[in-house]
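Asker: Protein chains in written order, with the working numbering: chain Z, 1 to 967; chain Y, 968 to 1061; chain X, 1062 to 1249; chain P, 1250 to 1665.
Think of the hints as simulated: they come from the structure by calculation, not from any bench. Hints should not be assumed to be uniformly reliable.
Computed, partial: chain Z to chain P, Cβ under 7 Å [claimed, not checked]:
#: 1; residue: Leu714
#: 2; residue: Asp869
#: 3; residue: Asp870
#: 4; residue: His956
#: 5; residue: Asp959
#: 6; residue: Glu961
#: 7; residue: Gly962
#: 8; residue: Glu963
Derived list of chain X stretches under chain Y, where covered just means 3 residues or more per stretch with a C-beta under 8 Å from a C-beta of chain Y [what the hints assert, rightly or not]:
#: 9; stretch: 1152-1158
#: 10; stretch: 1172-1181
Not the full set, but computed from the structure, chain Y residues with beta-carbon under 8 Å of chain Z [as the list claims (entries may be wrong)]:
#: 11; residue: Leu974
#: 12; residue: Tyr985
#: 13; residue: Ile992
#: 14; residue: Gly1017
#: 15; residue: Trp1032
#: 16; residue: Thr1036
#: 17; residue: Val1047
Glycine included, each C-beta is placed from N, C-alpha and C at the ideal position.
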Amino acid sequence: MSQPNRIAGGQIDDKHALSFRWNGRNLTGYAGDTLASALLANGIRLVGRSFKYHRPRGIFSSGSEEPNALVQLREGAAQEPNTRATMVELFDGLVATSQNHRGALEWDLLAINDLISPLLSAGFYYKTFMWPKAFWEKLYEPVIRSAAGLGRLSELADPDIYDHGFLHCDLLVIGAGPAGLTAARAAARAGCRVILADEDFRMGGRLNAETHAVADMPGAEWASATCAELASMPNVRMMPRTTIYGAFDHGIYGGIERKTDHLVDSAGKPRQVLWRIMSKRALLCAGATERSIAFANNDRPGVMLAGGVRSYVNRYGVAPGQQVAVFTNNSDGLRTAADLEAKGIAVSAVIDARKGDAVIDTSGRKGLRSLRLNDGRKISADCLAVSGGWSPNVNLTCHHRGRPVWNDGIMGFVPAGDLPPGLSVAGAANGTMTLASVIAEAHDAAKMIACDLGHARGAGKAPTSSDETYEASAIWHVGGSQARAWVDLQNDVTTKDIKQSMEEGFQAVEHVKRYTTLGMATDQGKTSNTLGIAIMAAASGNAIPDTGTTVYRPPYTPVSIGAFAGRSRGKDFRPFRLTPSHEWALANGADFVETGMWLRAQWFKRPGEAGWRDSVDREVAMTRASVGICDVTTLGKIDIQGRDAAEFLNRVYSNPFLKLPVGKVRYGLMLREDGIVYDDGTCARLAETHYVMTTTTANAGTVFRKLEFARQCLWPDLDVHLISTTDGWAQFAVAGPNSRALLSKVVDSMDLSNEAFPFMACSECRVFGGTPARLFRISFSGELAYEIAVPARYGHAMMGALMQVGEEFNAVPYGTEALGVMRIEKGHAAGNELNGQTTAHMLGLGGMVSRKKDSIGSKLSERPEMIRDDGLRLVGFRPVDRTQMLSAGAHFLEKGAPADMAHDQGWMTSVAYSPELGHSIGIGYLKRGGERFGETVRAYSPVRNQDIMVEICSPHHIDPEGERQRG
Amino acid sequence: MIIEHPLLGPRDAAEFVYLGDAAMIDRPDGMTVDDTGMHDYMYLRDNPAGDIRELWYHEQGDRSWLVVTRNTITHEITKVELARDVARRSGRSR
Amino acid sequence: MADIKLTAATLSAVGDIDIAGNRIIIRDDLSLVSVATPLGGEDALKKTLTAAFGLNIPAATLSSTAKGMRAVSMAPDAMLLIFAHATPDAEMHVRAKLGGAGYTTDQTDSMLAIEVSGPATMAAMERICPLDLQHGSFGKNASGRTVMEHMAATIIALGDAHFLLLTASSSAKSFLHALEKSYRNVIS
Amino acid sequence: MRYSAFKILKEALTGNRGWKPVWRHPEPNPEYDIIIVGGGGHGLATAYYLAKRFGLTNVAVLEKGWLGSGNIGRNTTIIRSNYLLEGNQPFYELSLKLWEGLEQDFNYNAMVSQRGIMNLIHSDAQRDAFVRRGNAMRLSGADAVILDRDGIREKCPFLDFDNARFPIQGAIWQPRGGTVRHDAVAWGYARGADERGVDIIQNCEVTGFQIENGVCHGVETSKGPIRAKKIAVCVAGSSSRVMEKAGMRLPIESHVLQAFVSEGLKPVIPGVITFGAGHFYVSQSNKGGLVFGGDIDGYNSYAQRGNLPVVEDVCEGGMAIMPMIGRARLLRMWGGIMDMSMDGSPFIDKTGIDGLYFNGGWCYGGFKATPASGFCYAHLLATGAPHPVAQHYRLDRFLRGAAIDEKGSGAQPNLH
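Assemble the whole structure, with the sequences as input and the hints as a guide.
Answerer: Printed below as a string of structure tokens:
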């Protein structure tokens, strides 16, 4: 298949043809091509439409700065919008389409926008679309939204996987052009651990695109020889296809490595890896980016950056046009003509702005056909190579909010002194624009870094190279035409927009940027920012340094969101914590619920049960009637030991703890220092200096953290030691009137009678003939109940064994729902009640906060608004019409009171259906609730379409005296 | 960020949990402090734009509470100490 | 119910995993006992530990070993003893030997020990472990606690590209999945 | 100059040469009735409402940098009033009502777009809490709807309903929530205030307060001293730094909140979506970028930039609920300094110094509050009494034990 613009030479492998599809056409390129070079080789110039005016656009550059050639790569779920054709390594089977047009690319219906462009001047949308009011969401905005945006997401889940990784090095070299290669080699030879990263798939940077010589060989050859040397060194990691996208604190750099983007299929491997690189030092060798000149209709397909033209000619063996003109304001542009001519490509004109020549307009609707010069000449050209000078790639130096400074010598912003600590800059990124000086600077910088880091081995000598001069001039904008001259190609910002913005008072750089959207497109203004600032300076009459710069922010080039997420998606979003009886529950009909990271059995469905309520009602009823078993391992367990453990507990719990005897458990109330209830649980004294604290499932980690804070920071000289044993013990609640009978068949030789082992007793023991265990007589259900713990490895067997032993009692396993029902029946507060807004007074536990001692939170819990007599209290509720179901989240209103916030009396925190009472019950907070038993109030839940009358009662719906648990 | 743990060397700040100003160590005695004193301890902050001494907890590590001196404008860290040592120095034994 | 005996269930039922010559082995033969140093009792514990097990108190980032036992620093005033012990009374065993010189807590059931080795190990660990595991930085017996894929983990270097990992037992399945995934992501 | 479609057409036909400056660039007078310190959204809104509602125009707004350079220019543009507590909900509902008439009021299209906000529910406890919240919203006259899975699927078919670690069980939806073009809010208020005679003075940093015998008479600035009867500080993000000059310590810490925008994409996200089990919220701008964010970084900072753990955490949340965004690219990340207060709620109050007023502590919720904050602050400055919906935003509330703690996180700012 013919590639009309393919020419000889370059670093492509013309033995290795690759076929690909572009907008449905089958085309061929070669290994070593990018999609952009292959399109150009095939004579394709029109590749997309601009953002706002839908102007025809072609390939503008050869690198990651590309503003125009954004395509949709791949198909179906793998479709990837806004992909720079210049960065896509061609592969066999590649499929790409153009984007941002309605209808065919060649006949985009939205090109109408270009015709009405005077209406769409800077900020036009702020000044209209306001009438009639309702039309904004219904008409104007949908139209604007559908026209905006660029590419399209597939709306299907990303089929690829991603990974993260961590790397450590002495020196991170960013960019593998002449500076980066030189620096990496010098530092590596000196003994540093070096990472060399470059966004390109072929290292060498501009050496691959120019005709320079290094160490007496062609630059590209030297680059590949140097890469080979570096790759052979054990202290060097070569990372092509890796963009260092951000500089973060303390030497951490973000890198994105494209692992399989150059393959037709990722074969189950991560498509990209996001690296967190911890470096002692970093050296930015990111080169420079060429910019354009603002002249009328400078955006047509065929208008390209001169450096890009040289890349296509020298590296890719592609002629970007048959008749190329060159327009330059600096010495670099002239080389383009030489390189083109060396390849036998016709150069129709060299227009040197420094001599007063200029292009003032262009023509050619879907591709450049000719130029008009300021001397009136009309020149035929299908490609114009423009060079408006080079802007150092200072982006990373600004990621800590450093501001670059203007350098008149190179007409560009160069890094200032306020770099991220540990970062230095060498080469063109530093404003050093000629090859020999770039190499020398990079070599010296690397040597100095190696020396600073204590690596004194010989760094060797810097290679010799050809050198050239670089002269830049301050020619930014060519007048002489009424037509628009583009500054920001991607966001369609023209010189007129900038001028209008300034006339309207938007004069600060940030104002211009925000008003016109200059530099805010997907290229972050890589080719437009400097030009834009120069135009602003000219419009205001200020010098460029006084005009300012914008802030560059990470990422350097856009990074897929999937890569940032890494593996954490789907079921792998967060780890699962499984209870010891998980497998047993799975085999016995359990439905599971996520509580934090844990999966807990919610209920155990039995055959014939139609819905979850059937299962839960049965579990509650059978537990209360006989005995039920529930895995409560998820409750936090903290082993507390030390001579001062009692004193410590006395300071962290608000109720007294000094006198808890060995072998006893006490309920403990824990406040935050601001006096709000934080957590509650039990604390058992196993031995003189040994306690086990339990916490709620949700707060296990944070309670531990707070206790460590108290231990290390508040009372550093108490002898107390904490260790979490949550995962170590499988703990089961055994509840119900037959729990004692059941357990007496489980526990080895221990008297479980009420006298020997009363309510709130605890003991270490053994079960089933020798397995170590702990037994606590505590009850969350209000029944006679125990919690028994065995080492977690026996948890699975223990659950089965408890059920086996319990068979004669019709024991049931119960899940979190039944647990919840029973605690609501008992009026125990749990997560819904302890939501971080609750005082001890609200719970009716004000008396538990001891005033005889200082404990965390005790002081601030006494502030006046927190102990108001007319404040909220936890009380119980039942529907006046017992057939009605209560709804959690309902607010309470007095009968006849208006439904507004001023009359809000509180809210229902938790509700359940009580099988024992035969109706719905609830608990909740109500103003002066404690004094209002027997009253009725409205439970108003408009979002549930519910409004019912409820009777206020004690929160202890069942066994208010607590006789069962003590029996 | 990287925190130079005094015992473990450089560690990614992602291993740590942040609490805030190290003045939280100076908790007044609840039995003797007046209302304002406890309020000021709990609620008021210097919140400096510059160096701050602050508490970080090495939750995914050795469970140490650290006092880190860090600049809130540049994020530069100039000192890291074990909070327990700081607490003892400020007279918090017993 | 004298006929019921509780049997231990662990993830070793999953079996050891071999991925292209890399091995992930569940070490449920190892017992773990944490020993906290009583305030002011540092010297006493040091002496007792040496007398009882021939072990030194481990440095913060370097485990100590003696006679089949390894001590790993877990906190400034706490270490973990790792040793093979068949019955569920490892803590009692240590407590008896230390005679009150340290506060002991059995952690055998709190954590799972996993041994990894093989040619892709360094590359696989790079994907989940934030610590610098290069030999020069993390040589034999080096140890550290950190976080991997949202899970707390302790890593100990047993040799070149050969590590012992400790992870919370409740999330051990997810941890194993993460490890396996790391290997699969890096092998070709 | 009145903006209209006709005006645009006229300018288009005459080469867009007749546009006038949106605001003046005046030098400060030696004295004003009221000085507003801070030319961000809240300060400009305060000036606008002082002028428009109370006829007070001898007012200056002093801005250290360029107007709108604070958090009004670096946020995720969300408006909503889905608050729970009595101290907050009526205030944010007033704000939403002001947003609804704002553009016609100040003749500037700020693209107030009420495409709805959805908070996903992943557990029973969360549902109970959101029902309570939804009912509170309805009690104060706001709108709230509880959606089931089908209701969500209808609006957002791309969410992960089948393979999520924390399955979606429902959502609370506020149809009137949405987004606004943030910069335009500052510009619209500035234009409206300037038009009515308020002096907006850019590049004018306040370096001190003139306080004598407990009375504040004016400020020292980089453009010299300026006197005023009332000085209204409104510098969220820098509150502690500025109030320190008046000798005050505040119940505020400064934290960095990062936000992110993707490359432009064709419309795909209908409104605002918030992931309740992870830390992620997202909307799509009119230019097509996905605008998203999550938690604050968690450490005190004035650096206006954040670090990677939060970036990853946020993107993990995004991929967990909408795995279609994996191939969208993050274009830009930035950070703003948040005035994180001790209970997550703001202050609009007099201070202990006569003549000195304080507005701050907006945490990461300041943008949506802009109109009501300006409105209530203007009310306080003009009448001397707090506006009823802002009456709880007092500086002494912690002393009284009257924290307004929506999240129940307690006195730890980085948890709010």
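Asker: Now, for every hint given, state plainly whether the structure supports it.
Answerer: Hint check:
1. Because the closest C-beta pair between Leu714(Z) and chain P is about 16 Å apart, greater than 7 Å, the hint is violated.
2. With a least beta-carbon distance of about 14 Å to chain P, the hint placing Asp869(Z) at the interface is violated under the 7 Å criterion.
3. Annotation: interface hint on Asp870(Z) violated; nearest CB of chain P at approximately 14 Å, more than 7 Å.
4. Checking His956(Z) against chain P: minimum C-beta separation of about 21 Å lies over 7 Å; hint violated.
5. Interface hint status for Asp959(Z): violated, as the beta-carbon distance to the closest one in chain P is roughly 25 Å, over 7 Å.
6. With 7 Å as the threshold, the beta carbon of Glu961(Z) stays out of range of chain P, its nearest partner Cβ sitting at about 29 Å, so the hint is violated.
7. The restraint placing Gly962(Z) at the interface with chain P is violated, with a minimum CB-CB distance near 26 Å, outside the 7 Å limit.
8. A hinted interface residue such as Glu963(Z) counts as satisfied when its beta carbon comes closer than 7 Å to some beta carbon of chain P; here the least separation is about 30 Å, so the hint is violated.
9. Here the stretch 1152-1158 of chain X counts 0 residues with a CB under 8 Å from a CB of chain Y, which misses the bar of 3, and the coverage is violated.
10. With 0 residues carrying a beta carbon less than 8 Å from a beta carbon of chain Y, the stretch 1172-1181 of chain X misses the three-residue requirement, and the given coverage is violated.
11. Hint status for Leu974(Y) relative to chain Z: violated, with the closest Cβ pair at about 13 Å, above 8 Å.
12. Among the interface hints, the one on Tyr985(Y) is violated; its C-beta lies about 11 Å from the nearest C-beta in chain Z, farther than the 8 Å criterion.
13. Nearest Cβ of chain Z to the Cβ of Ile992(Y): about 5 Å, under the 8 Å cut. The hint holds.
14. A distance limit of 8 Å between C-beta atoms decides the matter here; for Gly1017(Y) the minimum to chain Z is near 16 Å, and the interface restraint is violated.
15. A hinted interface residue such as Trp1032(Y) counts as satisfied when its beta carbon comes closer than 8 Å to some beta carbon of chain Z; here the least separation is about 5 Å, so the hint holds.
16. The interface hint given for Thr1036(Y) is broken, as the beta carbon of that residue sits about 14 Å from the closest beta carbon of chain Z, more than 8 Å.
17. For Val1047(Y), the shortest C-beta to C-beta distance to chain Z is roughly 12 Å, which exceeds 8 Å, and the interface hint is violated.
Comparing the model with each earlier hint shows violations of hints 1, 2, 3, 4, 5, 6, 7, 8, 9, 10, 11, 12, 14, 16, 17; every other hint is respected.
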